[in-house]
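Engineer: Read top to bottom, the protein sequences are chains U and V.
Sequential numbering of the first sequence, starting at 92, is according to our numbering.
Sequential numbering of the second sequence, starting at 11, is according to our numbering.
Hints listed in this document are in silico derivations from the structure and should not be mistaken for laboratory results.
It should be emphasised that the depicted structure is a prediction, and the values quoted were computed from it without experimental measurement.
A hint or two may mislead.
Restraint-style ranges between C-beta atoms, simulated for each label pair [said to hold, decoys possible]:
hint: 1; chain 1: V; residue 1: Phe86; chain 2: U; residue 2: Ser287; range: 27 to 37 Å
hint: 2; chain 1: U; residue 1: Glu179; chain 2: V; residue 2: Lys21; range: 52 to 62 Å
hint: 3; chain 1: V; residue 1: Thr189; chain 2: U; residue 2: Ser137; range: 32 to 42 Å
hint: 4; chain 1: V; residue 1: Gln187; chain 2: U; residue 2: Lys270; range: 31 to 41 Å
Partner residues are not named here, just some residues of chain V that face chain U (Cβ under 8 Å, in silico) [said to hold, decoys possible]:
hint: 5; residue: Thr32
hint: 6; residue: Ile125
hint: 7; residue: Thr188
hint: 8; residue: Lys194
hint: 9; residue: Pro252
hint: 10; residue: Ile254
hint: 11; residue: Asn256
Even glycine gets a Cβ: it sits at the ideal position worked out from N, Cα and C.
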Amino acid sequence: MQEVLKQLAVCIERGKTNRDSKYPADLAGTDGAAELTQSALNQNISPWDILNLALLPAMQSVGEKFRDSKIFIPEVLIASRAMNASMEILKPYFISGELKLKGKIILGTVTGDLHDIGKNLLKMVLEGGGWEVIDLGVDVKVEKFVEAVKNNPARFVGLSALLTTTMLNMKEIVAGLKKEFPGLLIVIGGAPVNQSFADEINADAYFPDPAGMLHYVDSKYLNGEL
Amino acid sequence: MGKLLELLKRKRFLVSDGAWGTQLMKLGLESSQCPEIWNITNKNIVYSVAKNYVDAGADIIGTNSFGANIFKLSHFNLSEKIFEINKTAAEISREAAGNDVLVIGSTGPTGKFLITGEVTFDDLYETFTKQSAAFEEGGADAVCFETFYDIDEAKCAIKAAKENTALEIICSFTFDQTTDGNYKTMMGLSPETVLSELLDSGADIIGSNCGNGFQQIVRVAEKFRLKNARIPLIIQANAGLPQIINGQLIYSESPDRIENSVRDLLELNVNIIGGCCGTTPEHIRVIRKLVDEHLQII
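Using the sequences plus the hints, can you model the full thing?
Structural biologist: This is the structure we're talking about:
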């Protein structure tokens, strides 16, 4: 792989957005994700290679390190910021159709629950994996999920809850969505939920971390199941 | 010395209250409602939660104000009532507490990150100032910043309470067990680091709450104590992890199952023990009994 792509992957993983960003301290004053993405394009490296050889693998590694408690929320936040800086430069190629995202995923924190940290982390990791995320925010009722799937045909919906009291609301949302869209795959997550709860409410999958869901949707994508 | 540290000096070990949210749910609060508006609309029910903890033997009780910050209230179009809601929360607990029990104003984190720039230090300072000042006016003795995970937000909260009230300050963090068996906040800080930073910021009492139950939180208390033998510690654990049985939420640590862990906490010289999500007045009765027994032995 070209040197510039290796450097770019390091900048994404470590959250070095651009030359001006002060963090991480040991990379101060060097080119960041934004400059390296531009110089890769200047070297005639294809946008496809930039995305698939540098950006996506770097963010996948971020998701896995987070899963393994090697890094924590701050590191994911800054890595995601660096990823966004690169994606901004690649934007014209997405608009022209030369680059495509893998598909749409709809996310929301369920009825009665205002916690969005977990959902936002998931969004960062899924976007970092090359997916378009439609974020419905917090306290999202079943009607809003149904309307969102109607307006944005998607194969996956992710439901998040932090509270033991609000996780119970997932049941109604799963039932409402399944009734309208039988082929939809619904993934649940959040501190109080687990696999047996997912089974009980008829959700298709549960993952304890964002990397788990990314792996799940990626494998469906690679198997041509979308 | 404030009232809380004085009481602690006199009694050596104190019992605090248990859960509020799960208790209010049992009494009819819907998950789509703002729990704190009940301070105004369902005062008697909120009072009954406070009174049940006083009757169960608590030396200090909290308030129904955990999520009453500007950000969460604005979701319910209630941000303009922030002072009234928090002041009333303190007044209700004050009335239930009578003369012998102290009131600590419960304050949760905002859920916003300084690091992403979604809020500024001034935004946070403003909401924590309003909550703390309202507690003081409502008759609280201390403010309790609990379930925190971000040290920068905690420092801001402590600064706001210190600069704008005379309340004593409790600050309690939540830790998760990592895959390698350590305990870290979700931002990646260890109990030892959190303790040092909070001490430097001027918190009077430091601790941990929520988490995965009494049995696990003993490990966090141990790390605090090894780092500092003298600082007053508060531990308020969840009643274990919840399971859904026949559509009902059942917490794994029933009152009879926490006895050994509470004894462990007392051995570690944890000064204030109470409960978090899923705990009930029955849990507090058990803790009261064990604290009294411990006081007779030492």
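Engineer: Each of the hints needs a verdict: does it hold here or not?
Structural biologist: Here's how the hints hold up against the structure:
Between phenylalanine 86(V) and serine 287(U) the C-beta distance comes to about 33 Å, which sits within the given range of 27 to 37 Å. Taking 52 to 62 Å as the suggested C-beta distance range, the pair glutamate 179(U) and lysine 21(V) conforms, at roughly 60 Å. At about 37 Å, the beta-carbon gap between threonine 189(V) and serine 137(U) stays in the expected band of 32 to 42 Å. At roughly 38 Å, the beta-carbon separation of glutamine 187(V) and lysine 270(U) lies within the given 31 to 41 Å, and the hint holds.
With a cut of 8 Å, the hint placing threonine 32(V) at the interface with chain U holds, because the nearest CB-to-CB distance is about 7 Å. With 8 Å as the threshold, the beta carbon of isoleucine 125(V) comes within range of chain U, its nearest partner Cβ sitting at about 6 Å, so the hint holds. Hint status for threonine 188(V): holds, given a least beta-carbon distance of 4 Å to chain U, under 8 Å. Residue-level restraint check for lysine 194(V) holds (minimum Cβ-Cβ distance to chain U is 7 Å; threshold 8 Å).
A cut of 8 Å between beta carbons decides the hint on proline 252(V): the least distance to chain U is about 5 Å, and the hint holds. The beta carbon of isoleucine 254(V) is positioned within 8 Å of a beta carbon in chain U (closest approach about 6 Å), and the interface hint is therefore held. At its closest, the beta carbon of asparagine 256(V) sits 11 Å from a beta carbon of chain U; the interface hint therefore is violated under the 8 Å criterion.
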